[in-house]
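Engineer: The chain contents come next:
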Amino acid sequence: MLKVLIIDDDSIVLFIQEKMLKKYGITDAPISFQDARKAIDFLKIQKSGDIFLILLDINMPGMNGWDVLDVIREMEISEKVFVFMVTSSIDNYDKEKAKNYKNVISFIEKPISVDNCIKIKEHPELKPYLLD
Amino acid sequence: MSYIPPVLKILVIEDHLGDFILIEDYLNEIQSDVDIKRACTFEEAKTILKSDIELDAILLDLSLPDVDDREILVKDVVEFSNRCAVIVLTGFGDRDFGVKTLSLGISDYLLKDELNVSQLSKSIFYSIERKKSQKQLSESEKNYKALFNHSPMPMWVLDRNSLKFLSVNDAALELYQYTREEFMNFTVRDLWVNPEPKIEIFVQRKRHDFFGFSISHKKKDGEIMHLEIQSNPISFDGHEARVTLVNNVTARIKAEDQLARSDKRFKALVQEASDLVMILDFNGNFSHVSPSSDLVMGIPADQMLEMNFFDLIHREDINQVKKNILKLKNNKRIQIPSYRIKTSSNEWRWIETVFTNLIMDPAVNGLVANSRDVTEFVNQERKLMDSLQRYDIVAKATSDTISDYDVQKDILKFNEGIFTMFGYKIAEIKVGRAWWRERIHPEDRERLYKNTDEVYKFNKSTLQIEYRFRCADGSYRYVLDRSFLVKDSKGNPLRIIGSMQDITEIQNHIQTIEDHNERLKDIAWTQSHVVRAPLARIMGIIDLMQTHDDIVNQEELLKHILHSATELDGIIRKITNQTEQVTQNFPEC
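Chains as they are written, first to last, in this note's numbering: chain E, 203 to 334; chain G, 83 to 671.
If we strip away everything but chain E, and leave its shape as in the complex, we get (with noise of 0.2 Å):
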């Protein structure tokens, strides 16, 4: 079964890529997370067989994007674990640093487009997880 998470400091943005997963089909019930370490912690407690889709937001107080990732890298899940990256502003530099991370699939500039959700919906390992 797929589980898609969203991890976002900002509610308002949590809010709009809620709505905007449901409207493109993509889950019916995304689970959000404020704070990224009961992310980590809902992750943990997984089992195998399911796939999991993340939102995840690169600056965050407390626990960053990149240390989320550093933590899912190490689990049992993590195969299964696929990262779209979203930040308000894309540069180079995290792009480059993103290569060392397996689970990092693309990157997303907000706010979340339809052309995202397409993107999203069309990933090949997500396809046969999809509604529709």
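By construction, these hints were calculated from the structure, which means they are not laboratory data. Heads up, some of the hints might be wrong.
[Stated by the list, open to error] Okay, derived cross-link-like pairs now, DSS-like style, lysine-lysine, Cα gap no bigger than 25 Å in a straight line:
#1 E:299 to G:603
#2 E:224 to G:603
#3 G:603 to E:225
[Stated by the list, open to error] If we take Cβ atoms under 10 Å as the criterion, some of the chain G residues that face chain E in the derived model are:
#4 145
#5 147
#6 344
#7 607
#8 610
#9 611
#10 613
#11 614
#12 616
#13 620
#14 622
#15 623
#16 624
#17 625
C-beta atoms are modelled at their ideal positions from N, C-alpha and C, and glycine is treated no differently.
Fit chain G to the known structure of chain E by using the hints.
Structural biologist: Chain G alone, transformed into the frame defined by chain E:
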């Protein structure tokens, strides 16, 4: 003191007693002290003669009982007489034989019938004296023969007309290497190298005179000799001959030849050399000028001799020259620094002179001046000086520190810049590359060494590099060092001329600019994120409102938009303030 004649020793061979007593009486009358021996027979006479007894004369009677042939008797007695005088006594009838005996070697003959004291005395003494003379003559002839034969000088006797050899001495045999027999078959023409028609005529003309000449002869082995011949006419064994003395002068002629050559060479060295040699006194009067004066000054030597040395010298140089020459009163030799002399074409030439005081040498009796034209050299030197002075002026004028490094000797020199720029006094600088290397900032060293090594390795000739150099007070200054490598003809490095420009100020400016840029970049980056966050939110909400017809709580969304817009406004104001601050802090360039 009265004269006492020596004892007269006489042998009388006489068988007739009466005749003997008569002769004995005569003899005692001639001289009081006479030693008379008598032999009655030839046998007795022989016994006495063989006993080595000394005799002055023998009186021989030809009629002896034991002798038949009187001729044999005379010959035998003469033979045994040991060269003493033999006087024959004969009867009147034998006068003819008596005359004949003279040719057999006797001294005189007397007729018994006419014998008297005076005749006998005269005959005895005359015969004795003649014998003595003969003896002396024979001795002297022997001596002369020995002188001829054993003379170390080659000599020969030859026939004056045929020029055929009559006698040759040992030295001549040794010189020509012919045997005596060979010589005796030769004429002197056989020794000549070539036919000598002139000599033939000369010898013929001077046939009876002494003469001497030079000629070449060849030895048996063909070797040619140069000879000096002296020849005297003589009479030799009845021939018209001449005795010739040969002096081999081959070695002398060779030596003379060599001497002449070396003399010539020496003259050539002195006269043809470009050096000007003069001999003069302290007043500048010449006593000798070498022919090269024509070459150096355009004035022939004989004209120079009429001039005075000091008149030829440039006005500005004359005092210096005179002062130096005066030093010769206490010094044997001095070298005068270059000075100018006037040539025949009124040009000035620079010359350099070594003076040697040989006034005490009677062969010279003057100051020997050996001069060399150094005009070209002086001109070159001047050019070089000019360029060096220019270099010095440039080095002083520039604010850069100029370094001059001698690669081979590891000597490093600086201009004043090392003091004005870095505070090192020239005297404090320990020569060498190490001194410079120690003062390079540790962080720059590795890069600098690598770059300088490459200059050598890739045979580059220039290097331009920036680094920090430590000052005398311990602080560092940024320098831009431009170096130029001077190489020899084989490409080996000789010197490195460097110019260190102080770029600390520029470097500081650049650093400041870079710092500001960095800060501005930071501001731009972070703020673009901060700015975009509320903007992205606004855009996202608007998008939602446009596409989601089913959104219920539109008011809530509008509130979010307002909140985000306010946030955005605050952020933009902050950016404006910060940027203004950066501009104010930025120093004026």
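Engineer: Does residue 611 of chain G hold up as a contact with chain E if the rule is Cβ-Cβ below 10 Å?
Structural biologist: Check passed: Cβ of residue 611 of chain G comes within 5 Å of chain E, closer than 10 Å.
Engineer: Under 10 Å is the threshold here; is the Cβ of residue 607 of chain G close enough to any Cβ of chain E for the hint to stand?
Structural biologist: Holds, about 7 Å.
Engineer: CA of residue 299 of chain E to CA of residue 603 of chain G, is that 25 Å or under?
Structural biologist: Distance ~19 Å between residue 299 of chain E and residue 603 of chain G Cα, so the pair holds.
Engineer: How about residue 622 of chain G: closest beta carbon in chain E under 10 Å, or not?
Structural biologist: At about 3 Å, which falls below the 10 Å cut-off, the nearest Cβ of chain E leaves the hint on residue 622 of chain G intact, so it holds.
Engineer: Should the interface hint for residue 147 of chain G be scored as holding, given a Cβ-Cβ cut-off of 10 Å against chain E?
Structural biologist: It is violated, given that the least Cβ distance between residue 147 of chain G and chain E is near 173 Å, above 10 Å.
Engineer: Hey, residue 224 of chain E versus residue 603 of chain G, does the alpha-carbon distance stay inside 25 Å?
Structural biologist: violated, 39 Å
Engineer: Does the nearest C-beta of chain E fall within a distance shorter than 10 Å of the C-beta of residue 613 of chain G?
Structural biologist: Given a least distance of 8 Å, the restraint on residue 613 of chain G holds.
Engineer: Against chain E, with CB atoms and a cut of 10 Å, does the hint on residue 625 of chain G hold up?
Structural biologist: This hint holds: residue 625 of chain G lies near chain E, its Cβ roughly 6 Å from the closest one there, short of 10 Å.
Engineer: When the nearest CB of chain E is found for residue 620 of chain G, is that gap smaller than 10 Å?
Structural biologist: holds, 8 Å
Engineer: Do the numbers back the hint for residue 624 of chain G, that is, is its least Cβ distance to chain E under 10 Å?
Structural biologist: holds, 9 Å
Engineer: Do the numbers back the hint for residue 610 of chain G, that is, is its least Cβ distance to chain E under 10 Å?
Structural biologist: holds, 5 Å
Engineer: Under 10 Å is the threshold here; is the Cβ of residue 616 of chain G close enough to any Cβ of chain E for the hint to stand?
Structural biologist: OK, holds: residue 616 of chain G within 10 Å of chain E, min 9 Å.
Checked against the numbered hints above, the structure breaks hints 2, 3, 4, 5 and 6 and satisfies the rest.
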